[in-house]
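Undergrad: First residue of the sequence shown? That's 5 in my numbering, and the numbers climb one at a time after it.
If you're looking for bench data, these hints aren't it; they were derived computationally from the structure. Take the hints with a grain of salt, since some may be wrong.
[As the list claims (entries may be wrong)] Below 20 Å or equal to it, Euclidean Cα-Cα: the simulated SDA-like pairs (lysine to any residue) are: (1) 45 x 9; (2) 45 x 30; (3) 45 x 10; (4) 45 x 80; (5) 45 x 11; (6) 45 x 64; (7) 45 x 8; (8) 45 x 72; (9) 45 x 35; (10) 45 x 63; (11) 45 x 19; (12) 45 x 61; (13) 61 x 79; (14) 45 x 12; (15) 61 x 34; (16) 45 x 74; (17) 45 x 21; (18) 61 x 48; (19) 45 x 82; (20) 61 x 49; (21) 45 x 81; (22) 45 x 55; (23) 45 x 73; (24) 45 x 13; (25) 45 x 27; (26) 61 x 44; (27) 61 x 80; (28) 61 x 40; (29) 45 x 24; (30) 45 x 7; (31) 61 x 78.
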Amino acid sequence: MASVPRYLSRFLAMGAFAAAATILGNFGYIRSAAAYVEAVKQVEIPVTLAVGMLFFKEHERVQAIWPGCVILLAGLLILVLAS
Numbered sequence: 005m006a007s008v009p010r011y012l013s014r015f016l017a018m019g020a021f022a023a024a025a026t027i028l029g030n031f032g033y034i035r036s037a038a039a040y041v042e043a044v045k046q047v048e049i050p051v052t053l054a055v056g057m058l059f060f061k062e063h064e065r066v067q068a069i070w071p072g073c074v075i076l077l078a079g080l081l082i083l084v085l086a087s
């Protein structure tokens with residue numbers, strides 16, 4: 005518990021970003037079809053992998069997950085181009 009004040013600003017920023025993502029995601033469901041909103045939300049996975057590689061040096065884990073992300077992005081591209 006002694007390290008909580010040290011990281012409090014990071015915890016608050018993480019909570020603020022999570023709240024913003026939830027609010028904007030719900031706004032997206034109101035304004036558009038759910039399939040499109042979910043497809044766009046899936047972009048979070050490759051972005052998270054890139055952050056893991058760049059900032060946390062998680063190369064082995066990312067190499068195991070990356071092929072699935074490529075398939076996911078290809079599906080998103082097909083969905084966007086088909087509409």
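Undergrad: It remains to establish, for every hint, whether it holds in the given structure.
TA: Cross-check of the supplied hints:
1. For a cut-off of 20 Å, the pair hint linking residue 45 to residue 9 is broken: about 32 Å separates their Cα positions.
2. This hinted pair checks out: residue 45 and residue 30 have alpha carbons roughly 11 Å apart, not beyond 20 Å.
3. Between residue 45 and residue 10, the direct Cα distance comes to roughly 31 Å. Violation of the 20 Å bound is thereby established for this hinted pair.
4. Restraint check: the Cα-Cα separation between residue 45 and residue 80 comes to about 10 Å, which is no more than 20 Å; the hinted pair holds.
5. With a C-alpha separation of about 27 Å, the suggested pairing of residue 45 with residue 11 is violated against the 20 Å cut-off.
6. The straight-line distance between the Cα atoms of residue 45 and residue 64 is roughly 24 Å, outside the 20 Å bound, and the hint therefore fails.
7. For a cut-off of 20 Å, the pair hint linking residue 45 to residue 8 is broken: about 30 Å separates their Cα positions.
8. A C-alpha spacing of about 15 Å is found between residue 45 and residue 72, which places the hinted pair at or below 20 Å, so the restraint holds.
9. Using a Cα cut-off of 20 Å, the hinted pair residue 45 and residue 35 holds, with the two alpha carbons roughly 15 Å apart.
10. Proximity of residue 45 to residue 63 is assessed by CA-CA distance (about 23 Å); at most 20 Å being required, the pair is judged violated.
11. A distance of roughly 18 Å separates the Cα atoms of residue 45 and residue 19; the hinted pair therefore holds under the 20 Å criterion.
12. Proposed proximity of residue 45 and residue 61 is contradicted: the alpha carbons are some 24 Å apart, above 20 Å.
13. Distance check on the hinted pair: residue 61 and residue 79 sit about 27 Å apart at the alpha-carbon level, beyond 20 Å; violated.
14. Taking the CA atoms of residue 45 and residue 12, the gap is about 27 Å. The hint is violated against a cut of 20 Å.
15. At most 20 Å may separate the alpha-carbon atoms for a hinted pair to count; residue 61 and residue 34 exceed this at roughly 38 Å.
16. Proximity of residue 45 to residue 74 is assessed by CA-CA distance (about 15 Å); at most 20 Å being required, the pair is judged to hold.
17. Using a Cα cut-off of 20 Å, the hinted pair residue 45 and residue 21 holds, with the two alpha carbons roughly 14 Å apart.
18. A threshold of 20 Å between alpha carbons decides the hint, and for residue 61 with residue 48 the separation of about 18 Å falls inside it, so the pair holds.
19. Our distance criterion of 20 Å between C-alpha atoms is met by residue 45 and residue 82, whose separation comes to about 15 Å.
20. With a CA separation close to 16 Å, the supplied pair residue 61 and residue 49 stays within the 20 Å bound.
21. A C-alpha spacing of about 13 Å is found between residue 45 and residue 81, which places the hinted pair at or below 20 Å, so the restraint holds.
22. The suggested pairing of residue 45 with residue 55 holds, with an alpha-carbon distance near 16 Å, which does not exceed 20 Å.
23. This hinted pair checks out: residue 45 and residue 73 have alpha carbons roughly 13 Å apart, not beyond 20 Å.
24. Between residue 45 and residue 13 the alpha-carbon distance is near 26 Å, which puts this suggested pair outside the 20 Å criterion.
25. Under the criterion of a C-alpha separation no larger than 20 Å, the hint pairing residue 45 with residue 27 is consistent with the structure, at around 13 Å.
26. At roughly 26 Å between alpha-carbon atoms, residue 61 and residue 44 are farther apart than 20 Å, so this suggested pair is violated.
27. Between residue 61 and residue 80, the direct Cα distance comes to roughly 27 Å. Violation of the 20 Å bound is thereby established for this hinted pair.
28. A distance of roughly 32 Å separates the Cα atoms of residue 61 and residue 40; the hinted pair therefore is violated under the 20 Å criterion.
29. Of the pairs offered as hints, the one joining residue 45 and residue 24 holds, with about 13 Å between alpha carbons and a cut-off of 20 Å not exceeded.
30. With a CA separation close to 32 Å, the supplied pair residue 45 and residue 7 exceeds the 20 Å bound.
31. Note on residue 61 and residue 78: the hinted pairing is violated, with a Cα-Cα distance of about 25 Å set against a maximum of 20 Å.
The earlier numbered hints that this structure contradicts are 1, 3, 5, 6, 7, 10, 12, 13, 14, 15, 24, 26, 27, 28, 30 and 31.
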